[in-house]
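Number of protein chains: 2
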Amino acid sequence: MSDTKIAAANETKRGTNYSLYNGGSLQDWSQHKMEHPVRGKVRGKHFLKDHLDFTGCEISINSLPAGVAVPFSHQHKENEEVYIFIQGQGQMQIDHEIIDVSEGSIVRIAPNGLRTWRNNSAEPLVYIVIQVRENSLRQHTFEDGIPNMDPIDWPAI
Amino acid sequence: MSDTKIAAANETKRGTNYSLYNGGSLQDWSQHKMEHPVRGKVRGKHFLKDHLDFTGCEISINSLPAGVAVPFSHQHKENEEVYIFIQGQGQMQIDHEIIDVSEGSIVRIAPNGLRTWRNNSAEPLVYIVIQVRENSLRQHTFEDGIPNMDPIDWPAI
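One line per chain: the protein sequences are A and B, in this order. With our numbering applied, the first sequence corresponds to residues 1 to 157, in that order. With our numbering applied, the second sequence corresponds to residues 1001 to 1157, in that order.
Treat the hints loosely; a few may be bogus.
[Unchecked claim] Under the rule of at most 20 Å between Cα atoms (straight-line distance), these lysine to aspartate or glutamate pairs were calculated in the EDC-like manner:
(1) B/Lys1033 / B/Asp1053
(2) B/Lys1033 / A/Glu103
(3) A/Lys45 / A/Asp28
(4) A/Lys33 / A/Asp50
(5) A/Lys49 / B/Asp1144
(6) B/Lys1013 / A/Asp144
(7) B/Lys1077 / A/Asp150
(8) A/Lys33 / B/Glu1103
(9) A/Lys41 / B/Glu1143
(10) B/Lys1049 / A/Glu134
(11) A/Lys49 / B/Glu1143
(12) B/Lys1041 / A/Glu143
(13) B/Lys1049 / A/Glu78
(14) A/Lys13 / B/Glu1123
(15) A/Lys77 / B/Asp1150
(16) A/Lys77 / B/Asp1144
(17) B/Lys1077 / B/Asp1100
(18) B/Lys1013 / A/Asp95
(19) B/Lys1049 / A/Asp144
(20) A/Lys77 / B/Asp1053
[Claimed, not checked] Derived DEER-like restraints, expressed as beta-carbon distance ranges:
(21) B/Gly1040 / A/Thr16: 31 to 41 Å
(22) B/Thr1016 / A/Pro37: 25 to 35 Å
(23) A/Pro151 / B/Ile1157: 51 to 61 Å
(24) A/Gly15 / B/Val1068: 22 to 32 Å
(25) B/Arg1014 / A/Gly15: 38 to 48 Å
Because the hints were derived from the structure by calculation, they are not lab data. Since the model is a prediction, treat every value here as computed from it, not as a measurement. Cβ atoms here follow ideal geometry from the backbone N, Cα and C, with glycine treated the same way.
Could you put together the complete structure from these sequences and hints?
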């Protein structure tokens, strides 16, 4: 599988402890492409792991056109998925139960959940999908964070 | 730590293999609150793990007001973080290097990266932060997915 970028401006910038990738404005996410092993070139989906060197997740940015349904369902072997809808309206089917989603809806799905989704509106459905290994998180936030109260030097706005 | 919800409408809906939470429209994310162990009630940040039963990640939804800087830096012990900016413009400092971010910028930070960020614009900076254990992903996407080509039954739009 290889992903294609929408523009040369979307190259990854890397530092010692970070990677930065610019996916462009939400309205341009429909122009992203991916190469699917069976379905060929698919528009409006872009997996980012290779751009951003993720080691604990895979994340895709997505834009599904008005009226379009994903043409298959899927489950996972060991990964939990999280869908974050940030623009538009649609529906998910999870184990044949239908739920409505819209801007601000966040859905966690266990590996065994049989899932598919569609855009049943007249505007693009824009969303982020996060894939992580189920039960892999050991600690988080205040247990895992190391605060540093040194003064922060910012240039004037 | 306990989070508060912006409205009773934001209760979690749970099925066998999923959890659904409605965070509301992006412009309402500024009204979410969290209880910080040192700083007390913090507006514009909401951790979702307890609402959505995540087992492989923690995710927060965030809205930082115009002109505001996070008043501290932090590192992590074992977690990789990913920042996805979905509205507005700002800057991150990572190990004292400043990078510009805006709608569509995605930043991975290794546990050791010393990070802070600010909104240096006149509009809210809206973003999602994902926390996962570094090196926890074993397989993903086509290796981990189980496609199902059974016909999908959707009600008419």
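Outcome of the hint check:
1. Among the hinted pairs, B/Lys1033 with B/Asp1053 is consistent with the structure: their alpha-carbon atoms are about 19 Å apart, no more than 20 Å.
2. Restraint check: the Cα-Cα separation between B/Lys1033 and A/Glu103 comes to about 19 Å, which is no more than 20 Å; the hinted pair holds.
3. Of the supplied pair hints, the one linking A/Lys45 and A/Asp28 holds, its CA atoms being roughly 11 Å apart against a limit of 20 Å.
4. The straight-line distance between the Cα atoms of A/Lys33 and A/Asp50 is roughly 14 Å, inside the 20 Å bound, and the hint therefore holds.
5. Distance restraint check for A/Lys49 and B/Asp1144: the Cα-Cα separation of roughly 14 Å lies within the 20 Å cut-off, and the hinted pair is therefore satisfied.
6. At roughly 28 Å between alpha-carbon atoms, B/Lys1013 and A/Asp144 are farther apart than 20 Å, so this suggested pair is violated.
7. With a C-alpha separation of about 18 Å, the suggested pairing of B/Lys1077 with A/Asp150 holds against the 20 Å cut-off.
8. Among the hinted pairs, A/Lys33 with B/Glu1103 is consistent with the structure: their alpha-carbon atoms are about 19 Å apart, no more than 20 Å.
9. Only pairs whose Cα atoms come within 20 Å are accepted, and A/Lys41 paired with B/Glu1143 is accepted, the gap being roughly 18 Å.
10. Pair hint B/Lys1049 plus A/Glu134 holds up; C-alpha atoms about 13 Å apart against a cutoff of 20 Å.
11. Only pairs whose Cα atoms come within 20 Å are accepted, and A/Lys49 paired with B/Glu1143 is accepted, the gap being roughly 14 Å.
12. At most 20 Å may separate the alpha-carbon atoms for a hinted pair to count; B/Lys1041 and A/Glu143 meet this at roughly 18 Å.
13. Restraint check for B/Lys1049 and A/Glu78: satisfied, since their Cα atoms lie roughly 19 Å apart, inside the 20 Å limit.
14. A hinted pair counts as satisfied when its Cα atoms are at most 20 Å apart, and A/Lys13 with B/Glu1123 does not qualify at roughly 25 Å.
15. Taken as a hint, the A/Lys77 and B/Asp1150 pair is honoured in the structure, with Cα atoms around 18 Å apart against an allowance of 20 Å.
16. Taking the CA atoms of A/Lys77 and B/Asp1144, the gap is about 5 Å. The hint holds against a cut of 20 Å.
17. A threshold of 20 Å between alpha carbons decides the hint, and for B/Lys1077 with B/Asp1100 the separation of about 25 Å lies outside it, so the pair is violated.
18. Taking the CA atoms of B/Lys1013 and A/Asp95, the gap is near 15 Å; set against the 20 Å cutoff, the hint holds.
19. For the hint linking B/Lys1049 to A/Asp144, the alpha-carbon distance of about 14 Å falls within 20 Å, and the restraint holds.
20. The hinted pair formed by A/Lys77 and B/Asp1053 meets the criterion: a straight-line CA distance of about 18 Å does not exceed 20 Å.
21. At about 34 Å, the beta-carbon gap between B/Gly1040 and A/Thr16 stays in the expected band of 31 to 41 Å.
22. Between B/Thr1016 and A/Pro37 the beta carbons are some 29 Å apart, a value that agrees with the proposed interval 25 to 35 Å.
23. Checked against the given bound of 51 to 61 Å, the beta carbons of A/Pro151 and B/Ile1157, roughly 55 Å apart, stay inside it.
24. Evaluation of the 22 to 32 Å hint for A/Gly15 and B/Val1068 yields a pass: the beta carbon distance comes to about 24 Å.
25. A C-beta distance of roughly 40 Å is found between B/Arg1014 and A/Gly15, which places it inside the suggested range of 38 to 48 Å.
Violated hints, in rising order: 6, 14, 17; the structure is consistent with all others.
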